[in-house]
Every structure is written in structure tokens, then in C-alpha cells.
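Colleague: Now for the letters of each chain:
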Amino acid sequence: MKKVTVSICTGTTCYLMGGAHLLTINERLDPSTLDSVEFKGAHCLGLCSNESNGKPPFVKVNEHLVSDATLNKVLDAIRKELKEIQHVS
Amino acid sequence: MSHAGNSRTPELPSRGASEKKQLFKELEFHQVRKASEHTAGDAYMVQKDAENNRLLAVLSDGLGSGVKANILANMTARMAIRFAETDTDFVHYAKVIMNALPVCQVRRIAYSTFTVVDCRPDGSVQIVEQDNPPFILLRNGEPAEIPFQEYSSEQGDYRKLRVYRFVAEPEDRIIFFSDGVTEAGMGSAPYPLGWRTQGCSAFVRGMVADNPEISARILAEQVVRAALQKEPDRKAHDDISCGVLYFRTPRQTLLASGPPFSEKKDREYADIIRSFPGTKIISGGTSADIVARELNLEITTDLFRFRRSNLPPISKMEGMDLVTEGILTLTEVLNLLQGKNPPIQPNAATLLKDQLINSDEIHILVGTKINQAHQDPNLPMELEIRRSLMRRIATTLQEDYFKEVRLEFI
Ligand code: FES
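Sequence lines, in order, name chains P and Y.
In terms of my numbering, the first sequence opens at residue 1 and continues consecutively.
In terms of my numbering, the second sequence opens at residue 90 and continues consecutively.
Hints listed in this document are in silico derivations from the structure and should not be mistaken for laboratory results.
If you're wondering where the values come from, they're calculated on a predicted model, not measured in any experiment.
Keep in mind that the hints are not guaranteed to be accurate.
[Said to hold, decoys possible] As a list, the in silico BS3-like pairs of lysine-lysine whose alpha-carbon atoms are at most 30 Å apart:
hint : chain 1 : residue 1 : chain 2 : residue 2
1    : P       : K40       : P       : K3
2    : Y       : K405      : P       : K55
3    : Y       : K137      : Y       : K492
4    : Y       : K458      : P       : K60
5    : Y       : K405      : P       : K73
6    : Y       : K405      : P       : K2
7    : Y       : K458      : P       : K40
8    : Y       : K405      : P       : K40
9    : P       : K60       : Y       : K405
10   : Y       : K405      : P       : K3
11   : P       : K55       : Y       : K458
12   : P       : K40       : P       : K2
This is chain P alone, in the form it adopts within the complex (with noise of 0.2 Å):
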């Protein structure tokens, strides 16, 4: 099956705006949806110094961003992406 893939950015700003509450993420969903989910770090993905892109943290659920990132934005993009999956198979 295809996986959602999130990719948490662990850049300075990123991880200090609050990115380091992000990465408790995987105890956060069940684990039938875990393995449905892939996660990554990135450096700076080079949004933090643009303000039209909204504010750090920055997180994105497949071509999906996410500023101001918090766990229940993420939470609820992966089962966005998750459901669209679903439909398509």
C-alpha cells in the first residue's frame, strides 16, 4: 500500500517555534495506522525565511504543508491523506 510520507522539519527554527513537541507524533497514532505512515527529518526546507509560506514549524504530509504545525494539525492531515488513499484503492 502506498504510504503517507511526513517529512518533520528539524531546522533551528523550526524545531525551537516548536518542532520538538512534533516528534512524540508516532505515540500518537494507533498502530495499524503507523504503518501506513512514513516519517522523515528534514534540515531547513527553507520556508522559515519566507513569511508568506505562515510560521514555523514547518511540517509536510505528503505534497501537503503545514505551518504552524502542531501535533493535532498533523494528526488530522495524515487521516486526511490517509482517507484519500483509501478512496483511491
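Please build the complex by placing chain Y with the ligand on the supplied structure of chain P, with the hints as guidance.
Modeller: Chain Y with the ligand in isolation, oriented as in the chain P frame:
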């Protein structure tokens, strides 16, 4: 030393390329006091002259124990250091010290004995002993005999000055100690005459055979511990002191942080890192990305490994020994170097700090591009800009840890 010589990059300033590569001198000392005393009667002093790379160590043993012995030993050691520092013929001064110090009227024994180890940058070593047990030189793992010249006291007593001269070779170890080591266990059934120099010599030989890279610190500790074990009840009957000087091929580490000022330098930057002949550390996400791009390498970040550490995670890149985030991690490294208690769990900063401490020569390569992100007024003020942070790390390593540090800006 061949590994250091052949792959030096042409970009690096060629300082030192022509002069013979200097051996790193690791000097450590360990001591336990006589069990009944609160003050050590053995004094140990070191003088390290960073400018001309001369190293002086003195171990002096004062008559008796406790405060009196301590004063005698300190006085002797201080005299020896002062005289030796003047860079004149130390043997002459050693005679002066010997002849100036009387022998005890009652016990007819010397007020103090001493060993002075004096190393020059060219690797020549002079050791002057006055009635301390003879030092041990381990060369290729075996105790080596060194010829000496002997001078007698002018006061017609038994005291003698021994002067040894030789040139240090890579992996040489000099082990010197007070008679607390050689006389350990004296009078006991297994060691009627004490551990003696022979016993200690066999012991250090065995230690080095088991662990050829054993550090000076651990070897000195082990000698003292082994001597203490010979003592009845494991209580020291005299001060037990041991110094170890280890000449080793320097361990080199490169710490690179920050992107180069101009993008045109990215390739050069990556090449300096790639061709560095030692341990390679990159601190900074952007810097790591540049190196990965220029050298066509892949970076993977271990998101969850150190997540409880309050520091961003570390990454992996082929050929690199450690890849961390920049400013936050380096700030913590500086705190740790300056004495902050390390956390129980390792993290990026403790790994980095340990690597720096285990190195002798550290090349710090600082990229000077201004990082837009850190101009953000929302960020806490204590975030130092990279340059001054790296300068402080360099100074701390140099002054508090006696590392050879080279700071380069790109
Ligand atoms: S630090 Fe995350 S986008 Fe720059």
C-alpha cells in the same frame, strides 16, 4: 603519522606542512594520600608553555608526611619549575637545588626528592631525578634502558642527581612516580621489599600490551590503584603518586559549521571536509545539505532517537562521523565544555563534546554566511551568532582543555 601527511588538502593553509609533525603529549597524574593524612606530601606541578610548546612536569616528595612534607615538596617543585623555565642549563640548577636543600640533621635523609621531566617541541626529553625512584620508559611496549649521567651532592651525603637525555618516539610512554609506588606493600609476605620498580615496570608493560591505546590518565590511575592493592588493608602508608606522559600521533577532528559566505565556495567547503584526515563533524543543517549536494551523498535524519533531549536530532551521512543541528547544539556543547553537568541520556551535544575532548588537534571551519533564519526577532536573544559561538568554543578548548585548535573562516 603518515595518515596526516598525505591527504592534506591544498586549500588548507600550508602552515606546518614543512616542519616535522609534532607528537601530541598527553600528560596525566594520579595520587592517593597517605591514609592518615589530609595533606599530600608529594607535590606535582606542570608548566605548559603554549608559545614554544615546551612541557615541564615536576614531582617532588617531601620528607615525612602531612603539612611539613607538603611544604617541602611544594617548595622544591616550585624552585624546579622556576629554574627550568629560565631556559638555561637546568642540570646546573638542579645541582643548586640539591645543594641548597639540607639533609635532615636527625634522620640524615634528604628534605625532598624530585623528578623533573622537560620536553621540547622537537621531541627531545631531559629527565632529572634526585633520589626519586627511576622513571620507566616504555618504547614499543617494552621497558627501555636510557643511559644517564650522575652527579653527587657537594655536602658529601648520599644524594645523587641523575640526568637522562633522549628523543621521544611515537607511542613512547614515560611513567614516573614517588617511592609510595615502589615501596607499596613493603614488609608484607608477598612483597617483602615492596612492589619495586621491577614490579611496576612489569605491570605497565602488561597494561599497554592489553590495551595499546591506553590513555595517560587511565595508566596513571591504574598504577596508583595497583600500588594501593599491595598495601596491607589497602591503606596507603605513604603518598602514592604517579605521572604518565604519553607521546602519541595526534587525533584530529574537523568541526564544520555554517554555510560558506559565498556559494562559489560550496565546492571547496565540501572538499575540505571530505579530504580531512581525521574525524569529521558537521554541525548545521544547511551546511550538511551543502556537503551532501556537492558530494552527492544522502542524508538521513534519525527523528526519534534523541527526542527527549531538548536538542534537534542527529543525521547520518556517508563518510561523516557526526551530523548535528547547528546553533542550539553548539550552544549546549559550549555549556558542557564549561562545566555544565551532562544529561543522563546522551544527545547530539554530548556526542559532539566527547569527540572534541578525545581529540588533540581540532580544526574548526566556520561558514560565515548570515543565516536569515536567525535574524528573526521572535527568536530568543541568547542565540549567539555562529561566529562568536565558535570562537568561544575554540578558546575554551584551547585554554581549559589544552587542545591545539585552528579556527578557519570561509
Ligand atoms: S527551519 Fe524549518 S523551514 Fe527553516
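Colleague: Look at each hint and say if it fits the structure.
Modeller: Quick rundown of the hints versus the structure:
This hinted pair checks out: P:K40 and P:K3 have alpha carbons roughly 12 Å apart, not beyond 30 Å. For a cut-off of 30 Å, the pair hint linking Y:K405 to P:K55 stands: about 28 Å separates their Cα positions. Proposed proximity of Y:K137 and Y:K492 is supported: the alpha carbons are some 12 Å apart, at most 30 Å. Distance hint between Y:K458 and P:K60 is fulfilled; the C-alpha atoms sit about 27 Å from each other, no more than 30 Å.
Among the hinted pairs, Y:K405 with P:K73 is consistent with the structure: their alpha-carbon atoms are about 28 Å apart, no more than 30 Å. Only pairs whose Cα atoms come within 30 Å are accepted, and Y:K405 paired with P:K2 is accepted, the gap being roughly 26 Å. Distance hint between Y:K458 and P:K40 is fulfilled; the C-alpha atoms sit about 27 Å from each other, no more than 30 Å. Pair hint Y:K405 plus P:K40 holds up; C-alpha atoms about 13 Å apart against a cutoff of 30 Å.
The hinted pair formed by P:K60 and Y:K405 meets the criterion: a straight-line CA distance of about 21 Å does not exceed 30 Å. For the proposed pair Y:K405 and P:K3, the alpha carbon gap of about 23 Å is at most 30 Å, so the pair holds. Restraint check for P:K55 and Y:K458: the C-alpha separation of about 23 Å stays at or below 30 Å, so the hint holds. Taking the CA atoms of P:K40 and P:K2, the gap is about 15 Å. The hint holds against a cut of 30 Å.
In this structure, every one of the numbered hints holds.
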